[in-house]
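S.K.: Each chain is listed here by its residues.
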Amino acid sequence: MTTRRRRSHVGRAAWVAALLLPALATPDANSFPLFGDQTILPSGTELNQDGISLPREQSRTEAVEGIRSYLVKLGDIAFNSPAILGGMARQAGISCNSCHINGTSNPKFFIPGLSTHSGTLDTTGPLFNPRADNGSLDPVRIPSLRGARYLAPYGIDGRFSSLRDFVRNVIVGEFSGPEPSPVILDAIVAYLQDIDFLNNRRLGPAGRLLTTDEAELRGQALFNKPFPHDPSLSCATCHLPSGAFVDHCQHDVGSGGLFKTPTLLNGNFNRPYFHDGRFDTYEQVVAHFNRVFSLSLSAQDQHDLVAYLNAVGDGERPYIINRIGVQLQEISDFVSVLDTAIQAHDVDIISLTVNTVDDELRELIEQFPDHRDPAVTGGQAERRRARSALKDLVLKLSRIELAASVGDFDEAAAELHSYRYETSIGVAAALRAAEPWSLFNPKIHDAHYNAMRQMLQTMSKH
Amino acid sequence: MNSAFVCTFGPLTFLCVVLASAVPYSTNAAPFDEATERYRLFMIADLDRALDGVRALRDRVKANDIPRAKQAWIDARIGWERSEVFTSGFIPELDDAIDSWPDAATGFHGLEVKLFGANSGDFGDETDMLILHLTDADERVRSMQLTPQGLLNGVTRLAYEIGDSKVDGGESRLSGTSLDDMRNNADGIELAYRTLFASPLEASDPKLAEQVRSDIDQLKALLKVQNLRGIDPYKLQKASEALVVALQAAGPKLGLETPSLEGTAK
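Which chain is which? The protein sequence lines are A and B, in order.
At position 209 of the first sequence (counting the first as 1) the number is 209 in my numbering, and the numbers step up by one without a gap.
At position 221 of the second sequence (counting the first as 1) the number is 221 in my numbering, and the numbers step up by one without a gap.
Watch out, some of these pointers could steer you wrong.
Computed, partial: chain B to chain A, Cβ under 10 Å [claimed, not checked]:
1) I44
2) A63
3) N64
4) D99
5) I231
6) E241
Just so you know, these hints were derived from the structure itself, not from any lab.
Ideal placement from N, C-alpha and C gives every residue a C-beta, glycine not left out.
The whole structure should be built from the sequences, with the hints applied where relevant.
M.R.: What follows is the structure, encoded as structure tokens:
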């Protein structure tokens, strides 16, 4: 299992905007003033980076108590690396994980000018790859990648039969990155294929409900019932319960074109719905189908179908609390790639790994506010030690990369050994000692961001 | 050995030349003591500049001249950012009061929120408080013992911070001067390094001294861009880390400890 939030180079700008947005009611309305130099992404951008809870990534390998392979870990690293993308994404610190947090979706993601609803992005807009700009604001929903290996074809309109081709297009076509090496493509595909659906105990074999809830069972019957005006169709015709609730085809369901059938599994956590994210609730989705396909559903029928969708779309432990131990485990997982890469004298992989872990560590450092942050009092010595320990790790990684860059792989290996020694003897203890005064503590987290809101209110009063 | 010390960084060039001529550097007689006293004069000049800027800001707000008050704020920041080598390690409690960040209700950024964010000069006593704290800092820098270890820590810490989070819109995003902050930090690093450590390191490890010089040049070169968007964050981060690694290696060569990134000078 991995878990993370992404630090991005738009970071503070984004969260300042994010804090402002609730007060202004609509994501588009952003009057946060900028003078002179501006942020890399448009003001008002929301990357959803500061939550205490995170979507849980279910690793297929770890679910059977296996160990994630080198290739899966490398894919996870690349998935989190802005460096494999190009142009503005790289500059702003956007990675695959920015949109697909822990391999899922990002329902709060919003970039003014590229999003019409939260959780959508125009991948043919002018910002990330001007050469692919189609001159039209046509954002698509950011889908969850859980269970991707079952969900071909890929892309909202299903234009790619291969996951590998789809990944390559995202990197090069949508985010103007350099042509990825074959091993990086293999690795990302391996990582995505390792992300499973969350288990759903309410579903049995062939996607049948295991429930005794009457509304859900009535909803199941309606789901399988032929449409009145076309008995060859039912909801289940396209959302095949025995096949991950997809039929691997594209259909026109009255939303403006042909789009592939999305899975309903874990759908409760994949808002918004439809290809362009136009709907926020199952109620809206059911009402749409009722209208477009003249289903003549009663209010009770619609309620029952929603109950059914909620049962099918459920999943165990969808979110986890972001904690120090989980973060350190993930960093350790990433660093383990260096063992193989240093032995293979693979400078590119060493550099990619170091840069990604560097970002992870710097993000972790920000969880321990420095002495200048007036919202956090107490624990100053502990916070200082925690920050110092993490910065030392950043520098050890830097030394690994520097040594490898001049071909001194023995020195790189020695630095890696030193990194691990330092991690094992003191870093975790230093972080745990400082945890009560860190942003991992919900009270400190709230105090920190409430102070930010206070600052913005000060601005708005004048 | 006498050295004609010449600074190459902008507004302080003249002052550097004058000071260097007046107090020739000697590696034989307590080099750090002499260099530290020379560096103290720079710190005094920088803090004086910050103080003058905030006083001017107060006067212009009283005259309801907001555009010129903004310029005074920007002028004050130049001196302050250059002195960060000293401030965070030697006077951390004043650093907190003067430069609280990010959620600032007081200090420079508290004023920035109102002045640039709200276009208002409605400060209450915040300007007076900032003047009080800067005056305190200015007085303390004149008499405080400046240890070379503390100053090397400060240089190293600032080098790390440049590569850290300031390219993300910046510390001073409302005033649009974050890039200036970074450049002034880099100037502060160069000033401190050249005044305090360049000659002794050259004597003990010329190759490492060349490396530090080259890393500082690289850092400054990466900041020669039109705006924050022109910065390559990864190159800046790598350049910053390379400089920190070199400065950490320099510590023992200078007869000092490996510089810490978080410790205070106390």
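S.K.: All hints are to be evaluated individually against the structure, with a verdict given for each.
M.R.: Going down the list of hints, with the structure as the test:
no.: 1; hint: I44; verdict: 23 Å, violated
no.: 2; hint: A63; verdict: 19 Å, violated
no.: 3; hint: N64; verdict: 14 Å, violated
no.: 4; hint: D99; verdict: 6 Å, holds
no.: 5; hint: I231; verdict: 8 Å, holds
no.: 6; hint: E241; verdict: 4 Å, holds
Going down the numbered hints, you'll see the structure goes against 1, 2, 3, while the others check out.
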